Amino acid sequence: MESRILKPVLGVYCAAFILFLYAPMITLAILSFQGPGGGPQFPIIEWSTYWYRHLLGLTEPGRIARLPIGESLLRSLTLALMTTVVSTVLGVMTAQGFRKRFNGSGVVFYLVILGMIVPGVLVGLGMSLLSNTVGVSRTWWGTAFVLHVVYTYPFAFLVMLAILNRFDRSVEEAALSLGVSPAETFRRVTFPMIFPGVLSAMLFSFTLSYDEFSRTLFASGREQTLPLTIYGTFAVEIYPNIFAFGVLTTLFSFTLLAIYAMLMTRAVRAGRSFKGQEDAL
Amino acid sequence: MELVQNGAGRAAGERRAGSPAAARERAERRRALLLVSPGVLWMALFMVLPLAMVVYVSFWTQTTFTVEPTLTTESWARFLTSPTYISAAWTTVRIWAIVLVSTLLVGYPVALFIGLMVRNQTLQTALLVLCVIPFWTSFLIRVIAWRPMLGTEGAINSILLKIGVIDAPITSLLFSEFAVLVGMTQIYCVFMVGPITFMLARIEPSIIEAARDLGAGFGRIFWRIILPLSLPGVVVGAIFVSVMVLGEFATAAALSGRTVNLLGNIIVSQVGSLRWAFASVAGVVLTLVIAVVVSLLLRVVSLRKEV
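Line order of the protein sequences matches chains A and B.
Note that our numbering has the first sequence beginning at 183, numbered continuously upward.
Note that our numbering has the second sequence beginning at 22, numbered continuously upward.
So that you can see chain A by itself, here it is in the shape it has in the complex (with noise of 0.2 Å):
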């Protein structure tokens, strides 16, 4: 009886939970298009898409400086590709090693696992003062990146080693015992089964690594990523050009989502003709 009351309040909270997460991102799309002798706030003094051509280079070179997202997006999109690309393998390899019980399965766990506990501000610090020390210059492909992995490979290990617990064995012991050498049978038999699971840890890194700012600001040198051309403009005055930025990367990570989504539904489409295939079999 209680619950009859209970539901629609409950329910009507949650709509105010969304209406929190979304509002802040609702007002700066609004200000974005603010014109170009308004500032970040309200009233709207005229609706204009100035700030918009402001940021691609379309208007004249104002008091504002322009912010250098081209080379910063480029650079963001090469660092998490090349993260997603690293910290999957790695992640794969681990937990496929972790079906096996060996000594120090729990030591290795807790090392891995700390990678996405450690702040990102502290090994990022650690590793600038290794990298003065040693004698190796810092920049986004390097020193960053290792940090990225760092932090994205402990995502793609988890993701990895749950797909695997819920894992049927049988197939594969199938394959071992029929001589196919374990090489063989994870590329033809057990990769092709785990391949969604594949697919959501790269997403994972792939976000986590796009986004990064913490460990990449001490760690990445001169050649600034897309967040920190963002962090940048936080200690200057900001100006509606940041909120026109914020929507149009908003836009282009829905893009990402999307093509993700496609190779996704292809994935386990194939995945199931896969499986058609071996009941035709």
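Please note that a few of the clues may not be correct.
Stated by the list, open to error - Straight-line Cα separation of at most 20 Å, SDA-like style, residue types lysine to any residue; simulated pairs:
hint, chain 1, residue 1, chain 2, residue 2
1, A, K282, B, L55
2, A, K282, B, E46
3, A, K282, B, P41
4, A, K189, B, Q142
5, A, K282, A, P364
6, A, K282, A, N347
7, A, K189, B, L248
8, A, K189, B, E49
9, A, K282, A, K189
10, A, K189, B, A147
11, A, K282, B, R52
12, A, K282, B, E49
13, A, K189, B, T173
14, B, K183, B, E198
15, A, K282, A, V371
16, A, K189, B, F219
17, A, K282, B, A43
18, A, K189, B, F239
19, A, K282, A, S359
20, A, K189, B, P41
Claimed, not checked - Between beta-carbon pairs, the in silico distance windows are:
hint, chain 1, residue 1, chain 2, residue 2, range
21, B, L92, A, P364, 44 to 54 Å
22, A, I208, B, L248, 41 to 51 Å
23, B, E46, A, L360, 37 to 47 Å
24, B, G236, A, A356, 51 to 61 Å
25, B, S58, A, V191, 47 to 57 Å
26, A, A452, B, A44, 36 to 46 Å
27, A, L201, B, L62, 23 to 33 Å
28, B, P41, A, D350, 20 to 30 Å
29, A, L439, B, E95, 24 to 34 Å
30, B, W244, A, R404, 50 to 60 Å
31, A, L360, B, L248, 46 to 56 Å
To be verified - Calculated Cβ distances over 12 Å to all of chain B for the following chain A residues:
hint, residue
32, G193
33, F199
34, P218
35, E228
36, G239
37, T241
38, E253
39, V268
40, S352
Don't read these hints as lab results, they were simulated from the structure.
These numbers come from a predicted model, not from an experiment.
For every residue, glycine included, the Cβ atom is placed at its ideal position computed from N, Cα and C.
Could you slot chain B onto chain A? The hints should help.
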């Protein structure tokens, strides 16, 4: 009789050691170690070594612009006697505690609704996706989006003025500790909602039905069944939120106008003025705080059992 059995057992054991099964066992174990080693090597080189370096440098000798590898405890002494640093450590712990409680209080009812009340799978997934969508916007953009919300001429003040609740804008919304707390609660709340929803959705509806049939009211069902069963989710969420909030510096920098200084902010500003040793001391203190918090949380629930 016993002797015979022992002898037979030993013989069987010897046979097993040389058997194909034992050889395969050994090969598998070797392969497992081989598979694990690249990851271990990566973590040792790029995580453990940098962290060890932070501890080491915290004992270096710091002068105004240079730092030398002569070991001293001077930076530590300065940290522990400086009101600025001590207050930053205290602020970090206080903000962490408030954000942890507020994300739990704000997030738990949402998880309760999505995980327990909505039994339609499609709607459940749709609501969760709706909560996760904001995460495809850059973290820093989500932080900066609170400025036009909370500012003197921001959305909240404009709305309150228009409906006549206030006659003058509230100036303390932005550039205050309040702004940092609101921002952090909104940004990290979903990390609490997710794990709790997951645990709540796994509760058998029949258990709750049984309790209801036996005459238990909702309050009693909540305290005796729902809350204990969702506890692992709360702990996982609390670990996520704690780790992220304790390492924070960007939200405080953007929303407090430099009035809130966390340990993370101390590290950033000290690195900015090339005082590596002080930054390292702050880093070690931060690590200790996180270690204490996480191990306290892990006392409640074993994480490895839940994976």
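Okay, the hints, checked on the actual structure:
no. : hint                         : result
1   : K282/A to L55/B              : holds, 12 Å
2   : K282/A to E46/B              : holds, 9 Å
3   : K282/A to P41/B              : holds, 18 Å
4   : K189/A to Q142/B             : holds, 17 Å
5   : K282/A to P364/A             : holds, 13 Å
6   : K282/A to N347/A             : holds, 12 Å
7   : K189/A to L248/B             : holds, 17 Å
8   : K189/A to E49/B              : violated, 53 Å
9   : K282/A to K189/A             : violated, 46 Å
10  : K189/A to A147/B             : holds, 18 Å
11  : K282/A to R52/B              : holds, 9 Å
12  : K282/A to E49/B              : holds, 7 Å
13  : K189/A to T173/B             : violated, 37 Å
14  : K183/B to E198/B             : violated, 26 Å
15  : K282/A to V371/A             : holds, 18 Å
16  : K189/A to F219/B             : holds, 19 Å
17  : K282/A to A43/B              : holds, 14 Å
18  : K189/A to F239/B             : holds, 12 Å
19  : K282/A to S359/A             : holds, 17 Å
20  : K189/A to P41/B              : violated, 62 Å
21  : L92/B to P364/A: 44 to 54 Å  : holds, 50 Å
22  : I208/A to L248/B: 41 to 51 Å : violated, 34 Å
23  : E46/B to L360/A: 37 to 47 Å  : violated, 20 Å
24  : G236/B to A356/A: 51 to 61 Å : holds, 53 Å
25  : S58/B to V191/A: 47 to 57 Å  : holds, 54 Å
26  : A452/A to A44/B: 36 to 46 Å  : holds, 37 Å
27  : L201/A to L62/B: 23 to 33 Å  : violated, 48 Å
28  : P41/B to D350/A: 20 to 30 Å  : holds, 25 Å
29  : L439/A to E95/B: 24 to 34 Å  : violated, 51 Å
30  : W244/B to R404/A: 50 to 60 Å : holds, 57 Å
31  : L360/A to L248/B: 46 to 56 Å : holds, 51 Å
32  : G193                         : violated, 6 Å
33  : F199                         : violated, 5 Å
34  : P218                         : holds, 17 Å
35  : E228                         : holds, 16 Å
36  : G239                         : holds, 20 Å
37  : T241                         : holds, 22 Å
38  : E253                         : holds, 17 Å
39  : V268                         : violated, 8 Å
40  : S352                         : holds, 17 Å
In terms of the numbered hints stated before, the structure departs from hints 8, 9, 13, 14, 20, 22, 23, 27, 29, 32, 33, 39, listed from lowest to highest.
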